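A.B. asks: Using the sequences and the hints, build the whole thing.
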Amino acid sequence: MTEETNAPQLYLTTPLGASAETLGPLLADVLDRFPVACLRIPGNGTEEDLGRIADLVREIAHARDVAVVIEDHVQLALRHGLDGVHLTKGARKLRDARKDLGADAIIGAFCGNSRHEGINAAEAGADYVSFGPVGKTALGQGETAEIDLFSWWSEMIEVPVVAEGALTPELIEAFSPVSDFIALGPEIWSAEDPVAALAALWR
1 MTEETNAPQL
11 YLTTPLGASA
21 ETLGPLLADV
31 LDRFPVACLR
41 IPGNGTEEDL
51 GRIADLVREI
61 AHARDVAVVI
71 EDHVQLALRH
81 GLDGVHLTKG
91 ARKLRDARKD
101 LGADAIIGAF
111 CGNSRHEGIN
121 AAEAGADYVS
131 FGPVGKTALG
141 QGETAEIDLF
151 SWWSEMIEVP
161 VVAEGALTPE
171 LIEAFSPVSD
181 FIALGPEIWS
191 AEDPVAALAA
201 LWR
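Position 7 of the sequence shown, counted from 1, bears residue number 7 in full-length UniProt numbering, the numbering being contiguous throughout.
Keep in mind the hints are simulated off the structure, nothing from the lab. In this text the structure is predicted, and so the values were computed from the model without any measurement. Every residue gets a Cβ at the ideal spot worked out from N, C-alpha and C, and that includes glycine. You can take every hint at face value.
Derived SDA-like pairs: lysine to any residue, alpha-carbon spacing no greater than 25 Å straight-line:
#1 89 x 127
#2 99 x 127
#3 89 x 120
#4 89 x 10
#5 89 x 138
#6 93 x 133
#7 136 x 112
#8 99 x 119
#9 89 x 49
#10 93 x 181
Label-pair distances were calculated between CB atoms; the ranges are:
#11 62 x 125: 18 to 26 Å
#12 63 x 197: 21 to 29 Å
#13 29 x 138: 28 to 36 Å
#14 190 x 142: 14 to 22 Å
#15 79 x 169: 37 to 45 Å
#16 89 x 9: 19 to 27 Å
#17 137 x 92: 21 to 29 Å
C.D. replies: Put into structure tokens, the structure is as follows:
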């Protein structure tokens with residue numbers, strides 16, 4: 001899949017709650033083995049902890065020409081030299097984030113399974129829009145972003161689209177033709193061997 005010209009790029013979220021001591025070697029190993037386009041840091045945690053993780057991830061990722069965004073925290077992105085933010089509530093605050101971060105920053109927006117919210121984010125200047133979860137999950141209200149949404153988006157909208165949430169090898173294969181990025185995170189970090197888990201998913 002990853003050898004095809006029009007194949008989606010790999011987008012990773014870092015493990016939630018990981019210590020810097022654990023995360024550093026693991027992340028370096030993953031980035032050395034796989035062609036990751038972007039890393040996303042979850043926004044949960046204290047300012048001090050998130051700052052420490054941001055510095056670690058930035059150092060490892062930027063040494064390998066990989067972009068780094070953090071969920072929602074615009075000021076942390078600025079303070080720690082990250083490439084941008086991933087807004088978890090769609091288009092809300094997107095224009096404000098652009099004003100604070102500047103034209104060159106990466107600003108993405110998670111829009112659930114809402115085409116309307118995705119269009120709002122695109123019109124507000126998002127660099128990418130993500131929809132999900134695409135797989136079945138008990139989290140949230142249990143609603144999924146269907147492949148028809150991605151098919152429509154890839155045909156009608158130029159802003160890149162990211163598929164994420166409860167992905168399996170079968171779903172990755174199905175969504176790859178209509179996605180610009182495939183976002184993985186919990187699918188691999190919960191495994192005993194994250195590198196092996198990613199290899200099994202990203203074939």
